[in-house]
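Undergrad: Read off the chains here:
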Amino acid sequence: MIWDNNFAVSIFPILLQGLWVTVQITLLGTLLAAVLGLVFAVLRRLAIPVLSQVVSFLVVFVRGTPLLVQAYVAFFVLPAYGVSFNALTTGIVVIGVNYSAYMAEVYRSGIQGVPKGQWEAATALSLPGVRTWGRIILPQAIRTVVPMLGNYLIQMFKDSAVLSAITVVELMATAQAIGSSSFRYIEPLTLAALLFLAVSYPASRLVNRLERRYAPQH
Amino acid sequence: MDAVIQYAPLLWQGLLTTILVTVMGGALCLVVAFTAGLARLSRHRILRWPAGIFIEVFRGTSLLVQMFWLFFALPFFGIQLHPLTAAVLALGLNEGAYAAEVVRGAIASRAKGQTEACIALGMDPALRLRRIIIPQSIPAMLPPFGNVMVDLLKNTSLVSLVTVADLTFSAQMIRSTTGQTTAIFITILVMYFALSYLLTLLTSWLERRFALDRKALTLQRKENALMKVGAA
Amino acid sequence: MRPSTEPQAVVTGAPVTTEPIIRFQNVSKNWGTNQVLKNLNFEVAPGEKVSIIGPSGSGKTTILRILMTLETPSEGKVIVGGDTLWDVALGQKVRETKQLRETRRKIGMVFQQFNLFPHMTALENIIEAPIHVLGMNKAEARERAAELLNLVGLGKHMNHTPPQMSGGQQQRVAIARALAMRPKVLLFDEPTSALDPELIGEVLSVIRNLAHTTDMTMLMVTHEMRFAEEISDRVVMFDNGAAVESGPPAQIFKDPQQERTRNFLRAVLQH
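Protein chains in written order, with numbering that gives the first Met the number 0: chain A, 0 to 217; chain B, 0 to 231; chain C, 0 to 270.
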């Protein structure tokens with residue numbers, strides 16, 4: 000027998016626990032990425048000398064390097080400088096920072112998509128900068144950005160498997176641990192794949208629907 | 000930094016492997032993208048459905064899971080792949096599934112009038128696709144293809160987890176022997192970044208090369224040059 | 000008095016002496032509950048130049064699109080040059096047959112939006128189908144393409160791509176491209192509707208030239224009434240999915256018999 004059903008059933012609860020960790024990483028990571036990405040996008044747009052350039056370079060650099068290597072840096076390098084969390088926290092921070100670079104780009108296009116007339120109207124009304132950003136520009140920019148955030152959330156859900164390499168015990172690491180201790184890889188790896196699919200497929204369908212609903216109005 | 004210098008040959012080997020995996024994975028990705036993307040557009044259900052399932056499964060699960068499955072689970076079916084083969088296969092199929100959607104999207108969004116003009120000229124579907132629809136869609140495909148290729152390059156780092164001695168694998172080895180973590184990781188981050196940047200440059204060069212009216216511009220330049228020669 | 004627009008009415012104009020090259024027999028086209036063509040019977044003689052006029056949404060373009068096999072009739076039979084192009088029973092699922100592909104070779108089409116291939120030069124646009132569909136050798140195809148480009152007055156533009164040409168030039172290349180396939184029937188679907196007013200003349204003069212110098216059958220949907228009057232052997236007025244009236248241009252434009260034709264002509268000729 001290639002596929003052992005009893006074995007598959009017996010490991011399913013442990014895999015579900017792994018899935019739950021993966022979901023937590025994804026939700027917290029997305030939250031971090033959404034906030035950081037917004038900060039980066041606004042900093043770039045404000046064109047503050049040096050700072051804006053540094054932010055721009057960081058965003059491009061993070062997008063140009065592998066998540067796995069970034070995770071290794073956070074896991075192996077940072078503790079040498081006294082910065083150290085547990086693996087799970089490190090994982091969430093790494094994947095959050097990684098995706099913030101992508102989300103900064105999404106926000107940027109959202110901000111660019113707000114018609115120039117909106118800025119001009121805000122100036123004509125002598126609205127202060129914070130008010131202009133907070134009440135006029137960002138609400139319009141973020142509306143068009145929502146579906147893209149959804150896409151990145153799903154992408155992060157799948158990418159978080161990479162964090163198993165720095166000992167975060169999420170779905171992938173759980174499957175791998177079962178495999179190496181029982182010498183049976185088919186059941187845990189296939190079930191892990193199916194669990195990923197079971198979450199990401201309906202989710203991407205949902206985002207597709209959102210995409211149509213939040214289609215830009217202008 | 001001395002660890003980096005001392006182990007430079009190992010890093011060089013790793014770099015070559017990373018490039019090799021990228022090139023092979025990229026080639027497979029393109030083949031998969033056009034096969035699955037075109038099948039997805041087929042009028043025949045027998046082609047459309049399997050392509051759809053393939054695309055959804057490979058986009059819906061993690062690349063790492065796919066790679067591990069090919070490496071660890073496949074042997075139970077009596078198929079033992081070389082680590083490099085498993086790695087390239089997983090990368091090519093996974094990124095190919097994403098790129099298939101690029102192909103499908105670019106072709107589906109072609110103006111309907113182009114197909115109608117082909118029918119009016121008596122061109123059969125295969126000729127239409129080969130001579131008109133695909134060449135026209137290439138410029139629209141290039142920028143997203145560029146993104147897929149950069150993704151693929153970055154994801155080659157995962158092959159280190161199935162024992163392929165790429166750049167990341169070499170760095171890990173040097174780290175565990177020398178303990179010089181910072182220098183070695185900064186070095187490979189910069190190397191990956193340089194490779195990504197090169198891929199971006201390549202993509203924008205191709206975009207210029209395949210721009211729709213580029214051909215006419217060169218022809219005209221030739222014409223103008225001839226006229227100048229004639230006038231002189 | 001309602002004019003005779005009962006579905007069974009066969010529209011005849013100029014007496015058809017020879018076997019018609021195009022024959023529509025009881026052809027209908029439905030879009031959901033909307034009937035675009037209502038049991039149409041319509042014939043065109045070989046070499047005849049026919050203009051189809053009428054308000055938009057009257058089904059004129061559908062006739063051309065069914066002939067070019069860009070659209071499937073819901074019901075009815077279409078015969079071209081003695082061969083059956085369509086023979087559809089209501090509710091029947093239609094497949095593309097070899098017979099259909101061969102029959103449609105006799106027909107060429109010039110589109111409202113030109114539909115030139117934007118990644119190819121004017122010359123390449125013209126030689127593409129002769130080489131790859133007819134199997135013509137490249138030198139011969141190029142020679143013929145150059146002739147055709149001269150014919151439409153664009154001999155100097157053979158290496159230009161569509162984005163580099165004006166709409167009028169593009170449409171003239173499109174006409175040359177259709178001619179390169181030596182069709183027996185050439186369809187024009189509002190060939191000047193997408194053009195700026197100052198570019199219409201150059202395209203019309205190419206079509207006029209063709210009408211006067213070739214024995215090709217030409218079927219044109221147009222809003223250019225004066226032009227239709229000038230070049231047509233016969234003008235057919237369409238309204239509401241049916242041919243209302245058909246006859247020589249002098250009769251249709253000077254002395255229309257049907258109220259709907261009069262109303263339509265009054266509306267379009269007013270300005």
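By construction, these hints were calculated from the structure, which means they are not laboratory data.
Some hints could be false.
Not close to chain B: a few residues of chain C, all C-beta gaps over 12 Å, as computed [said to hold, decoys possible]:
#, residue
1, Arg22
2, Gln24
3, Asn25
4, Gly80
5, Ala88
6, Met108
7, Val109
8, Gln111
9, Gln112
10, Leu115
11, Val132
12, Asn136
13, Ile199
14, Phe226
15, Gly246
Derived pair list, reagent style DSSO-like, types lysine-lysine, alpha-carbon separation capped at 30 Å [said to hold, decoys possible]:
#, chain 1, residue 1, chain 2, residue 2
16, C, Lys37, B, Lys111
17, B, Lys111, C, Lys253
18, B, Lys111, C, Lys137
Between beta-carbon pairs, the in silico distance windows are [to be verified]:
#, chain 1, residue 1, chain 2, residue 2, range
19, A, Ser179, B, Val30, 27 to 35 Å
20, C, Ala249, A, Gly116, 50 to 58 Å
21, C, Lys137, B, Pro142, 32 to 40 Å
22, A, Glu119, B, Glu206, 27 to 35 Å
23, B, Ala139, A, Val145, 44 to 52 Å
24, B, Thr84, A, Val8, 26 to 34 Å
25, A, Ser51, B, Leu200, 21 to 29 Å
26, B, Asp1, A, Pro138, 52 to 60 Å
27, A, Asn5, B, Val30, 34 to 42 Å
Glycine included, each C-beta is placed from N, C-alpha and C at the ideal position.
Undergrad: What hint numbers does the structure not satisfy?
TA: 6, 7, 8, 9, 10, 11, 17, 23
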